[in-house]
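Engineer: Given the coordinates of chain A, assemble chain B onto it according to the supplied hints.
Protein chains: 2
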Amino acid sequence: MKNLQTGHSLRIGVLGGGQLGLMMIQAAIDLDLRVEVMDPSEKAPCAKFTHRFITGDLNDAQSVYQFGKNLDIITIEIEHVSVEGLRKLEKSGVKVIPKPDHIALIQDKGLQKQFFEDNNIPTSDFILIEAGGNISSLGLPIVQKLRTGGYDGRGVQILKTTADIVEKGFPEACVLEKAVDIDKELGVIVARNSSGQTSIFPVVESVFDPKVNLVSSLIAPANINKNTAAKAQALALQVLEAMDFEGLMAVELFLDSDGDLLVNEVAPRTHNSGHHTIEANKTSQFSQHLRAVVGLPLGDVSLLHNAAGMINLLGAAGAYGTPVYEGLSEAQSIPGVHPHLYGKSEVKPYRKMGHVTVTGPDIDLVQKRLLKLRESLCVSGTKEK
Amino acid sequence: MKNLQTGHSLRIGVLGGGQLGLMMIQAAIDLDLRVEVMDPSEKAPCAKFTHRFITGDLNDAQSVYQFGKNLDIITIEIEHVSVEGLRKLEKSGVKVIPKPDHIALIQDKGLQKQFFEDNNIPTSDFILIEAGGNISSLGLPIVQKLRTGGYDGRGVQILKTTADIVEKGFPEACVLEKAVDIDKELGVIVARNSSGQTSIFPVVESVFDPKVNLVSSLIAPANINKNTAAKAQALALQVLEAMDFEGLMAVELFLDSDGDLLVNEVAPRTHNSGHHTIEANKTSQFSQHLRAVVGLPLGDVSLLHNAAGMINLLGAAGAYGTPVYEGLSEAQSIPGVHPHLYGKSEVKPYRKMGHVTVTGPDIDLVQKRLLKLRESLCVSGTKEK
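Chains as they are written, first to last, in the working numbering: chain A, 1 to 385; chain B, 1 to 385.
One or more of the hints may lead you astray.
Identical chains share a label here; the pair holds if one copy fits it or two copies do between them.
[As the list claims (entries may be wrong)] Below, simulated SDA-like cross-link-like pairs (lysine to any residue); rule was C-alpha separation at most 25 Å, straight line:
id, residue 1, residue 2
1, K231, C378
2, K178, L262
3, K348, L138
4, K282, E330
Simulated from the structure, these hints should not be mistaken for lab results.
Bear in mind that the values here come from a model prediction, so they are computed numbers and not experimental data.
Extracted from the complex, chain A is given alone in its bound form:
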């Protein structure tokens, strides 16, 4: 029997070899955890930094089964994977975290919303198209989301007028949500290990760039009152417990203009809204995920700094070819600046190429530095189109 105590000599498979997997590997090295990775691209960020890397279709049940059948544990860094393959692995005795049923639930934004409603988890009003509900009951504007396959804002559109509803149409299997009058977008990462120990990270605040619908900056702790922060953390834990979830999960919430909290979506994995935890918290989301997966005691996740922030490094508009990280050298002379490049060999417009975390003594200083970074950093490319 392998040593589940320290995880040493365990073989852990990760579906997906992107930046989330890479940062997981950096944390796994500390515990000598043997991580093996499958990703469709041979150029995936993880490819050079793992005991075993294979290319394969994450949505093909047979590929997933073949990759994992001889491993001790399987986990994910992306939720768009073959649940059928994972169920087959679970049947054959491989420990799968998170559970295939949880991944299936989260893959379908319709089922996810229904789950929130069924478990009295506050969320925006919605209807499922195939349910043939009365659209007018939602009013306008409406947020229309494809039930499956959406990612990083793709598969989401806003219907502002009845004309939109006709023009943009309703594809099969989508969920319509009443648009929330959003005051703030918040995030809470929660984790649970096999012995039932749970952990809740401090609440973070996300600022989205509407142009690309990606988080453009993040602030920790969120600029909200203690009462709201405690409620947000309690809600995130409620979702985890309602699902009986094992592993690490990111919960996205809205604080609306009435001061009410609504759960928007959850991700059953490490998340962009937790990247700052590498430098800003006593235990990072990546280390915590591994602890949960291997069955180790969960770590203390309190903040190491009064304030922290993060900006994504996105490929510039029209940037192609080999990435060039303009301004990054100078940025490193700013105190508390921690760059993380993902090692992607090609840049594309708005592609996530890395992120920069800023830590500091107070939120104002951190925000000043984030602004300075946003103005001085640019990921261009060797080819311009």
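Structural biologist: Structure of chain B alone, referenced to chain A:
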């Protein structure tokens, strides 16, 4: 021309693939620095985590040259390497940091002591055997060190009596040092980049285990008065500047019973006495070394915690085979405990298998936790001899 600004796309070669190289790679991933490694053992900790790993004799000039000739930068994680090979690489236009002359100086403990004396850097009285000096002038006890090849305390012996001098004898090329009445053993890590910017880490205090002559625990900051700390940092910087050193260097000092500081030895690389900086300082020694090597601005090295400590995880007496990290799982439920395993496939008695850093609000609590760890952790093996 490669992007020296961010280091991105630079090819950096590291001589030595042990734990120091591995922790350097973890830091290099953040900046997407392409690290390539040569080590004599195919089982070296770095083997699975680098863009290119080759086996080769670090002391063979031709192997070192062949490994490095197509790279942009060469650096080291161990000083026992072929200086001839490095000089050849430098001539062929490869940037070598630290400079071959500095490595040569430090490889020879005799030349090193002579350098301290010639540059008015306080150090213990000594004579070089081939110099035929008057041994009696040193008095007893005498510390006898092989001039070259010593490592982790090997090649060092204490001569307590005149009988010892006769019995243990004088091998060729050794340095005899007057034994210092040591109050504390201190360490200061300093760095300098190509633009001449320097950085000095806080002073640390090392506690040695006489049984194996390896650091058994380390405390940061050192438990000394501010004045002594400032003097130790100034001395470390004096050594760096006297050598015109570029890169990162660890300076070991003695605080003697009269309260005087003496420089013992320097290492031209990251060092065991700086492992705690990964969690305890705003910039780790590994990140700082890379910044210096690539020519980036050096980072802020102030402590993140009031106190930090570190213990090495050494193979237990009689432990062979596959390592078993007893007590490590439980240890991770202690706040502020950060294990680092080196991924060595075989344990041997007193072999460095990993380390554990402890961070905390005060030195007493950190020392209590270190003691608890020392009692509860053991690296045994699957084979006992």
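Engineer: Now, for every hint given, state plainly whether the structure supports it.
Structural biologist: Results of checking the hints against the structure:
When the C-alpha separation of K231 and C378 is checked against a cutoff of 25 Å, the pair qualifies neither within a copy, at 37 Å, nor between copies, at 43 Å. In this assembly of identical chains, K178 and L262 lie within 25 Å of each other by CA distance solely inside one copy; the values are 12 Å within and 73 Å between copies. For a Cα distance limit of 25 Å, the shortest separation of K348 from L138 qualifies neither inside one copy, at 37 Å, nor across copies, at 69 Å. For the identical chains of this complex, K282 and E330 are inter-copy neighbours only, at 18 Å across copies versus 27 Å inside a copy, given an alpha-carbon limit of 25 Å.
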